[in-house]
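Q: Chain residues, written in single-letter form:
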Amino acid sequence: MPSLTHHTLPNGLTVLLKEAHSAPVISWWLAYRVGSRNEPTGKTGISHWVEHMMFKGTERFPMGMLDREIDRAGGQWNAFTSMDATKYFETLPADKIAIAMQAEADRMVNAQFDPDETESERTVIISERQGAENQPTFWLQEGVRGSAFRVHGYHHEIIGDETDLRTMTRADLYEHYRAHYCPANAAAIAVGAFDTGEMLAEIERLYGSIPATGAPELFARQEPAQTGERRIVVERPGKTAFLEVCFRAPAATHEDWMTLNVLDAVLSGSSGASDNKTSRLYQALVKTEIAAGVGAWLRPTIDPYLYSILVTLREGRTPAEAEAVLLGEIERLKADGISEEELNRARKQSKAAFAYNTESVTEQAFWLAQSFILGDVNWFDNYAERLMGVTADNVLDAARTYLVSRQRVVGVLRPVEAEEEQTQA
Amino acid sequence: MSKSQASIPHSGNIEQAELPNGIKILVYENPAVQSVNVMGSLHGGSIYEASEQSGLASIVAGASMTGTGNRDFDAIHGALEDIGAALNFSGHKHKVGFSGKALAEDLSTLVDVANDVLRNPVFPAEHVERLRGERLTWLQYSQFDTRYRASKAMREALYPEDHPYHYGTYGNEESIAGISVDDLRAFHSRQYGPAGMILVIVGAVKSDEALALVGDAFGDWRQESPSAAQCVDAPAAQAAGGRRTVFVPGKTQSDISMGIIGPSRKADDFLAAQLANSVLGVFGMMGRIGKSVREEKGLAYYAYSSVGGGHGPEPWSVSAGVNPENVDLAIESILAEIERLSTELATEGDLADNQSYFTGRMPLRLESNEGIASNIHSMESYGLGLDYLLNYEEMIGRITREDLLAAAQTYLSAEDMTIAVAGPE
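For the protein sequence lines, the chains are A and B, in the order given.
For the first sequence, counting from 1, position 234 maps to 294 in this note's numbering; every step adds exactly one.
For the second sequence, counting from 1, position 75 maps to 145 in this note's numbering; every step adds exactly one.
Hints in this document: simulated from the structure, not taken from any laboratory.
Remember, it's a predicted structure, so these values are computed and weren't measured experimentally.
Ideal Cβ positions, reconstructed from N, Cα and C, are used throughout, including at glycine.
Do not take every clue at face value.
What the hints assert, rightly or not - No more than 30 Å apart at the CA atoms, straight line, and that leaves these computed lysine-lysine pairs for DSSO-like: (1) A/Lys-411 to A/Lys-347; (2) A/Lys-408 to B/Lys-276; (3) B/Lys-367 to A/Lys-116; (4) A/Lys-337 to A/Lys-299; (5) B/Lys-163 to A/Lys-337; (6) B/Lys-94 to B/Lys-163; (7) B/Lys-94 to B/Lys-336; (8) A/Lys-394 to A/Lys-337; (9) A/Lys-347 to A/Lys-299; (10) A/Lys-394 to A/Lys-347; (11) B/Lys-276 to B/Lys-94; (12) A/Lys-347 to B/Lys-163; (13) A/Lys-408 to A/Lys-394; (14) A/Lys-408 to A/Lys-347; (15) A/Lys-156 to B/Lys-361; (16) B/Lys-163 to B/Lys-336; (17) A/Lys-299 to B/Lys-163; (18) A/Lys-116 to A/Lys-156; (19) A/Lys-394 to A/Lys-411; (20) A/Lys-408 to A/Lys-337; (21) A/Lys-411 to A/Lys-337; (22) A/Lys-347 to A/Lys-337; (23) B/Lys-361 to A/Lys-116; (24) A/Lys-411 to B/Lys-276.
As the list claims (entries may be wrong) - If you anchor each label on the Cβ, the simulated ranges turn out as follows: (25) B/Asn-461 to A/Ala-311: 47 to 55 Å; (26) A/Thr-229 to B/Thr-470: 44 to 52 Å; (27) A/Pro-100 to B/Lys-336: 51 to 59 Å; (28) B/Glu-395 to A/Arg-120: 33 to 41 Å.
Unchecked claim - Selected chain A positions facing chain B (Cβ under 7 Å, derived; list incomplete): (29) Pro-84; (30) Asp-127; (31) Ala-133; (32) Gly-134; (33) Pro-153; (34) Thr-183; (35) Asn-194; (36) Lys-299; (37) Ala-352; (38) Gln-409; (39) Tyr-416; (40) Ser-420.
Make the full structure from the sequences, and use the hints.
A: Structure representation (structure tokens):
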């Protein structure tokens with residue numbers, strides 16, 4: 061793997077560069093340390109809405125101009141708001157990357173937040189939330205998070221609560237933007253076919269003159285310790301029941317996070333590389349025809365979040381019986397640990413997943429951006445090495461530490477009878 | 071040949087061979103990665119199933135991974151998951167497709183498993199039953215998915231019951247319940263064979279070694295009475311358009327699906343139609359439809375159009391998700407853009423923008439193993455010739471505004487669009 065160049069401009073902007081000459085393309089990212097975790101009650105969803113407003117233009121690049129220019133160049137661009145961050149990217153043929161670098165420098169400080177456009181976007185974002193609400197599992201996820209986090213910003217959905225989406229003002233959005241979009245709260249990342257020296261000089265030219273305002277004080281509240289199991293039931297029209305079992309998990313930079321990642325590979329097979337049909341939970345829940353599917357997620361987050369297991373029940377099977385089997389598998393793990401064979405499989409899967417995830421410059425840049433957000437720019441580059449260091453004893457200890465009832469949140473989506481459906485021709 | 075053209079897969083750098091049994095093998099070396107992708111297809115899609123057995127082809131595809139004469143379920147998945155490899159089968163309308171990936175060092179295992187499950191599936195009864203239950207769960211869940219319901223209602227209105235495109239590849243609850251193990255075996259025996267099969271390998275491999283590996287594995291495959299590939303014509307009578315409404319309780323958003331029969335991938339005017347479609351609902355922020363429905367009126371989070379292409383008369387369609395109160399206004403706005411596209415010449419700027427977009431995105435389409443494999447497979451599957459990508463820029467450059475208008479007038483008609491809306495009452 062090519063080496064990483066890590067540099068900080070005098071105004072505080074972090075710069076991460078990695079050359080990759082396999083294809084004549086460059087992926088350019090700006091990552092800001094602000095996401096839904098930093099939103100107080102009444103302003104939920106504001107980070108995501110600001111992200112939408114960043115596509116509404118600046119004086120230099122009016123709305124629609126970049127859509128056109130980047131598409132004309134055959135590029136792709138988009139943005140993502142997560143719990144921890146807001147990330148913007150453009151991947152373009154290498155000889156066309158200048159416009160992306162200029163545009164991101166410009167909209168770090170000059171986004172317009174036109175009042176009419178802000179109102180127009182309000183309905184678009186409410187539509188986005190309503191589209192998500194059409195999926196029953198959205199309600200389950202929202203309920204479980206709300207139950208798991210009472211104080212910390214991880215308690216609400218990234219899209220925000222509809223009541224806040226209806227009441228936030230243009231002034232709220234602009235203040236959030238001005239407070240968080242500054243060099244000391246951001247990283248510029250490039251991966252692709254460039255010369256590092258030339259790229260760094262261009263970044264200094266474009267971004268070096270942006271005033272240093274210091275890093276903002278981020279709104280963040282620590283979640284108090286959970287003192288017992290929490291349970292929630294959500295009812296929605298439908299025929300399919302779901303069970304979500306969550307345990308509190310450490311931050312991504314905590315040494316136990318990678319151990320839990322290996323534990324997850326054994327339990328659910330969620331390595332990102334292979335299917336999961338030899339995993340313990342698939343064998344116990346799907347192969348036995350209790351569930352139609354099972355998946356698990358251990359997200360790399362700044363603050364402690366959740367290890368979540370989602371079970372899709374088959375008709376006629378109940379969440380209670382799935383829960384009993386799932387918890388039985390967890391108790392087995394806590395009693396006996398994992399075998400060397402399972403550990404070696406997790407290691408091989410991780411090696412493969414790493415290879416797949418670094419095929420494109422866009423994926424490589426994404427992981428560099430994510431590493432910056434987590435506070436360790438080498439987090440992804442060292443991923444495989446850290447995973448290889450996990451032992452079976454580590455997994456046993458982690459299972460006994462984290463997979464315990466007092467740190468558990470259980471959610472059930474109970475389908476209820478729908479009114480008679482009708483089709484009109 | 072320019073430097074950029076040299077990195078485009080073409081007849082000079084794709085190694086190809088046709089085995090005596092009819093399998094076409096194409097190999098492209100990509101030494102920049104550590105992994106390898108295998109992608110292929112054969113004539114085993116849903117057009118070869120009876121309407122009362124809708125879903126049969128896709129269950130055969132899924133069930134082929136549940137047991138062979140040489141490996142049981144756990145052995146198949148263990149062989150793959152132990153090395154972080156993946157192999158998936160999916161049933162489409164005309165073909166069954168398969169796609170696998172592994173570290174390059176594990177190509178032989180991937181090819182060995184693919185060969186086994188393609189040729190020797192035994193469809194174990196207990197796994198077929200399990201798969202049937204999972205499929206029924208998915209179908210029940212989908213009944214409450216407004217996007218699925220709108221798309222299904224549009225499709226069923228656009229294609230009459232005697233046309234194979236009337237039916238979804240996943241089948242329906244009634245048809246799935248009636249499919250037997252014998253049906254699976256008979257379909258496999260009839261449709262799965264070497265004649266017409268395509269197999270593409272892309273990755274960090276040597277072409278001669280990969281060709282030899284595949285030749286050794288598949289060379290002795292024989293099929294006693296192979297069935298000929300079938301063509302599907304457009305319905306004899308165009309659907310009369312009109313609007314269907316599907317009430318789905320408990321939802322907050324409505325999904326709109328509009329369609330009309332479009333060109334096949336092999337049609338002479340396919341590229342012109344694709345360019346016209348880009349003007350309509352792709353370029354920039356979802357083309358003219360996105361500009362009108364999302365940017366100007368703020369009605370929807372998503373609203374876009376697509377040309378199905380494929381081997382037969384797939385729809386040219388538009389999809390949007392809107393608040394129920396805005397359904398009529400959104401439909402009216404979309405139809406106005408369709409009317410405009412099919413009555414007015416696109417501007418010189420529109421044509422130039424979209425030509426540049428189509429040709430400029432080539433490097434990104436060819437950035438990953440999967441992207442390269444997909445493009446090579448398409449060239450072979452649709453008979454485009456292996457120099458298609460090399461000539462692509464020239465072909466796109468020859469298309470005129472008149473070609474776009476002609477394509478729109480050939481296929482689109484605002485008043486004949488079949489419209490379906492699924493959402494709350």
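Q: If you draw a straight line from the CA of A/Lys-347 to the CA of B/Lys-163, is it 30 Å or shorter?
A: 28 Å, holds
Q: Between A/Lys-347 and A/Lys-299, does the CA-CA distance stay at or below 30 Å?
A: 21 Å, holds
Q: Have a go at the A/Thr-183 hint: is there a Cβ in chain B nearer than 7 Å to its own Cβ?
A: This hint holds: A/Thr-183 lies near chain B, its Cβ roughly 4 Å from the closest one there, short of 7 Å.
Q: Quickly compare the C-alpha distance for A/Lys-347 and A/Lys-337 to 30 Å and report which way the hint goes.
A: 8 Å, holds
Q: Closer than 7 Å between Cβ atoms is the bar; does A/Ser-420 clear it against chain B? Give me holds or violated.
A: At 5 Å from the nearest chain B Cβ, A/Ser-420 passes the 7 Å test, so the hint holds.
Q: Taking the Cβ atom of A/Pro-100 and the Cβ atom of B/Lys-336, is their distance within the range 51 to 59 Å?
A: 57 Å, holds
Q: Assess, step by step, whether the Cα of A/Lys-394 is no farther than 30 Å from the Cα of A/Lys-337, and give holds or violated.
A: Roughly 21 Å between the alpha carbons, so the hint for A/Lys-394 and A/Lys-337 holds.
Q: Holds or violated: are the alpha carbons of B/Lys-163 and B/Lys-336 at most 30 Å from each other?
A: 15 Å, holds
Q: Starting from A/Lys-411, check that the Cα of A/Lys-337 is at most 30 Å away, please.
A: 19 Å, holds
Q: Would the stated hint for A/Tyr-416 survive a check requiring a Cβ distance to chain B of less than 7 Å?
A: Because about 6 Å separates A/Tyr-416 from the closest Cβ in chain B, which is inside the 7 Å limit, the hint holds.
Q: Quick one, are A/Lys-408 and A/Lys-337 close enough, alpha carbons at most 30 Å?
A: 16 Å, holds
Q: Next pair to validate is B/Lys-163 with A/Lys-337; report whether the Cα-Cα distance is within 30 Å.
A: Given pair B/Lys-163, A/Lys-337 holds - Cα atoms ~27 Å apart, limit 30 Å.
Hint violations for this structure: none, all hints satisfied.
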